[in-house]
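In the order they appear, the protein sequences are chains Z and W.
Our numbering applies: residue 1 is where the first sequence begins, and numbers increase by one.
Our numbering applies: residue 553 is where the second sequence begins, and numbers increase by one.
No lab work stands behind these hints, which were simulated from the structure alone.
A portion of the hints provided could be inaccurate.
[Unchecked claim] The list that follows gives simulated cross-link-like pairs (lysine-lysine, DSS-like), each with its CA atoms no further than 25 Å apart:
| # | chain 1 | residue 1 | chain 2 | residue 2 |
| --- | --- | --- | --- | --- |
| 1 | W | LYS805 | Z | LYS484 |
| 2 | W | LYS1138 | Z | LYS512 |
| 3 | W | LYS805 | Z | LYS504 |
| 4 | W | LYS701 | Z | LYS51 |
For clarity, every value in this text was computed on a predicted model and none was experimentally measured.
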Amino acid sequence: CCRSRRLCILKGIYPHEPKHKKKVNKGSTAPRTFYLLKDIKFLLHEPIVNKFREYKVFVRKLRKAYGKSEWNTVDRLKDNKPSYKLDHIVKERYPTFIDALRDLDDALSMCFLFSTFPRTGKCHVQTIQLCRRLAVEFLNYVIASRSLRKVFLSIKGIYYQAEVLGQPVTWITPYTFAHDHPTDVDYRVMATFTEFYTTLLGFVNFRLYQSLNLLYPPKIDGQADAELKPAEGTEYAMDSESYLEKLSALSASLARVMAPTHEDEVEMDEFPVEGETAEQMDARKKEQEAAEKHKKLFEGLRFFLNREVPREPLAFVIRCFGGQVSWDKSLCIGATYDVNDPSITHQIVDRPKVEKQVVGRYYLQPQWVFDSVNAKICLPVADYFPGVLLPPHLSPFVTEKEGDYIPPEKLKLLALQRGENPEDESEEEEEEEEDDNEKEEEEDEDESEKEEEMKLKKMEEEKTQSSKALPVKVTAGKLQLEDKQRLEQEQQSEEKRLAIMMMKKREKYLYKKIMFGKKRKVREANKLAAKRKAHDTAVKEEKKKSKKARRA
Amino acid sequence: SSLLQDIRNTVGNIPMEWYQDFPHVGYDLDGKKIYKPIRNKDELDMFLEKMENPDYWRTVQDKMTGADVKLTDEQVELVHRLQRGQFGDVNFNPYEPAVDFFTHEVMIHPVTNRPADKRSFIPSLIEKEKVSKLVHAIKMGWIKPRKPKDDTPTYYDLWAHEDPNSILGRHKMHVPAPKMKLPGHEESYNPPPEYLLSEEEKLAWEQQDPAERRLDLVPQRFRCLRAVPAYPRFIHERFERCLDLYLCPRQRKMRVNVDPEDLIPKLPKPRDLQPFPTTQALVYRGHTSLVRCLSVSPSGQWLVSGSDDGTVRFWEVCTARCMKTLPMGGVVKSVAWNPNPTICLVAICVEQEVLLVNPCLGDKLLYGATDQLLESYEAPEEERVQPVQWATANAEERGKGVRLRIQHSKALKQVTWHGKGDYFATVVSDNSNMQVLVHQTSKRWSQNPFRKSKGLVQCVLFHPIRPYFFVATQRYVRVYNLLKQELTKKLMANCKWVSSMAIHPGGDNIICGSYDSKLAWFDLDLSTRPYQLLRHHKKALRSVAFHKHYPLFASGSDDGTVIVCHGMVYNDLLQNPLLVPVKVLKGHVQTLDLGVLDVIFHPTQPWVFSSGADGTVRLYT
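Work the whole structure out from these sequences, hints included.
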């Protein structure tokens, strides 16, 4: 059973839902998993089954030799330890490279998780090291190809989305903390998956590096390598490990098979797609330009990471968009410049106050980097100064459809992207609103003493007064028109109701289900909007109170 | 004193704790007990001694004798040396020059004079055995030579030759695993404030079953990135994903992508199907209890209603004026106006009697003629056995308008006239074969058409043109031919309990209302099953009605509404009837869980009357 599970995982065999559950299950409807007979037969033909058997025999022999203290035999057996490869399974499961890329999400997430495991217990040290190596290689590829598109700081971890050869690849990495290993998780299952995923990721990495004309296994560019003084490296790691450490610092570019020449960037010829209008073509061109611009978002900027910010994700993101990044020498290998470097433009800080500020650079919270990447523009920095209450961090994976709730921050962001500058207007509006509110409040205070009926009466009086004072002419025709419209609407809705009555039972069920879903969506959106409104008013009141207190 | 010094303990090398509880510590050479020195020093004495005695530090207790011994200078020195890890003997030199007993220089003489063994000249047998064993094992293939190192690189270009032919057929059937759901705003470490859960929502979330939760985490807000902790369920989620990948059955499901508007059937607009009643025009008030039955005079000028308050009221339709009130002394279950326009007669069911009443409304000639017609009856010579008793009304009753009384044996349920106005049928709530009786007014003659009971009869109906008779039992409608005296058809109503029935004036279509809120339309030419089942009402249907001229039918239900439908029957037999609901009329208030009890159409106008449990009769025009 254990071995068949392993086989199923490696070969990607999954159960099927039978069309007639009762027929298959001998009349019982108890939940059972069903595999296709074809699939099981397919598993039997797998050459790796024999390898597994050999391995089992090997383990048995080894145990016997240990028991008899035959150390020669133990040595001999260990020399001849049977090994197996999963290459052919990878090829079989993913006949084309694109297939493999499409299924890369889980592989990456798993490798990133395993690379954070401690090197004790749980799984083999080699696996962890391999996972780390492959993950770092992939990150380096993403940097070299500048294919990162979206980043999201979630409670669970950090989500990244890259566009690799046109395929969106999403993965999640946990925050760097020690894991509290749960007891109700079967690590053997995860290890089997990881075994397959490492193989897959290795081949994918190879191919990706090849596509960029990079050396594989990756090598740090000689020029950059020289900059990292070799003597410096020894402080952090032994020679055997310093290679991976330097690579995982993500600060240096990689060596190419051939030296890059600037003429390499060939202008892409334009092939107009048939049936495409000029407008569409323009839109496509614009989109491409925007994408190119997005790739060069941080070009020319020099970042410095303080000790308290997560180094790896930030370094990765900044380098992906062309920025230069460094950190404190004592933090990690691969620091390229110092805090005191005058050319630093942005310093990423995650502490409430910065004691000694250098003129000529922005001190920003890390969220600015992520938000800017998602917004595809460098956002205004004022909201992200240290100690400032941050604006909400929105998910870049949500694309609101019509009728969905859109948070106001998103609206503002969209306006910014369109090139408008909504801030001034909104500020003015706010001021105006505040004035209005104050006036209203005063009125409220006056009126609150009187009873509600009185208020109503007063309002009526005011109305009549105003109507007397102003020569307003109320035309009857307009009113009728409205009435007509309403009548029409009523009639239409009634017609619809009557037609719904005539629906067939099945269609009615479907219709009701769809309508229920729609209504729920609207309800949820309304709820969110109401909550937001309540929150905003509460915040405003708080502000006003504090203002008053200050005035007093 | 010399004797005292020679105290020697003879107990030997034993743990001295064994003598802890005894007054002595052992035995001397003479076999006498050696007593412990009397020690009555307490803490204070000890302290004083420590302070006063300069040799306190070099005083130790001899465990063998229990006496205090003062160490000499040599002994103290020895202790010090041992503590320092030096040799006890001062004169011992650990660094004496080494003497080489065996040198590297080969001497000419052996150290020993022993001759060499024979085994040093001949090969070892044990070794030979071992070697031969190995050789044998190699020969038999038990031991394999060491495998050559595999020096192909671990990773290479696996997809260098993408061969479309090598793709397995099964790959086409492969269902790729769906990707993980991408996170929304609520998963952010710093979400917009509206996504945070309020206290109640949080409580509700915690009480929900983990499988039912729409969100798999509680949104949280952290002030800065530094404050974000590790997610405790990260490994769990990866593990669950793994389990999903290899244990979940996969299936391609086609998502229904329908515009809900397309599902609504395209019907002709009600506006194009006018005329039909649209608004409530008049309310006839007067009854104090629920109004069970209604009937309209064939001219359409008068309306009669019977109620649970024991009265029958006659109304003028156009003015809603109550012309007459007849107290009946019992619940009025059914009223029916004679459909013959030349006769002015109303049949009323009160408990066990059917009363034929001349309301004396309208044209005097007309109701006078009716009276004459009734009086012209001549009793036949021979007395016939009848299931009911016919009796003429007495003078007092005549004053009220009652002309004839037909006494039944059981309580009555329904009365209905034949189209010609001479015959009428009554239904008795009974389970025998006497449930349905057909009466002839002109001959004052009743008969029982059925020999056997076929179940509880709900209502009966005459065919408007042909000699057919419809009997609705609980689940079926039976059609009898009165001339041939046989069952022609049995219609399955497809419902639990038929409540009412009405026939199209053309005579080929029937509608049946049922207590399980369905309305069945039968096309008699088409099938014995309903042509269409309409589930428009939310509660039990109480009554249904057809219009005499217009293609309209109406149904009244306990939910207090009357639904008017357009029911066009075409003369062309190939074309199926067209049923379109055109109006939902509301007005009746639900009382005692009852809404509309009876509906009836005006004979000439597209108007509908309805009577309700709230004691009113309403006219919709």
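The hints, checked one at a time:
{"no.": "1", "hint": "LYS805(W) / LYS484(Z)", "result": "violated (46 Å)"}
{"no.": "2", "hint": "LYS1138(W) / LYS512(Z)", "result": "holds (24 Å)"}
{"no.": "3", "hint": "LYS805(W) / LYS504(Z)", "result": "holds (23 Å)"}
{"no.": "4", "hint": "LYS701(W) / LYS51(Z)", "result": "holds (17 Å)"}
Checked against the numbered hints given earlier, the structure breaks only hint 1 and satisfies all the rest.
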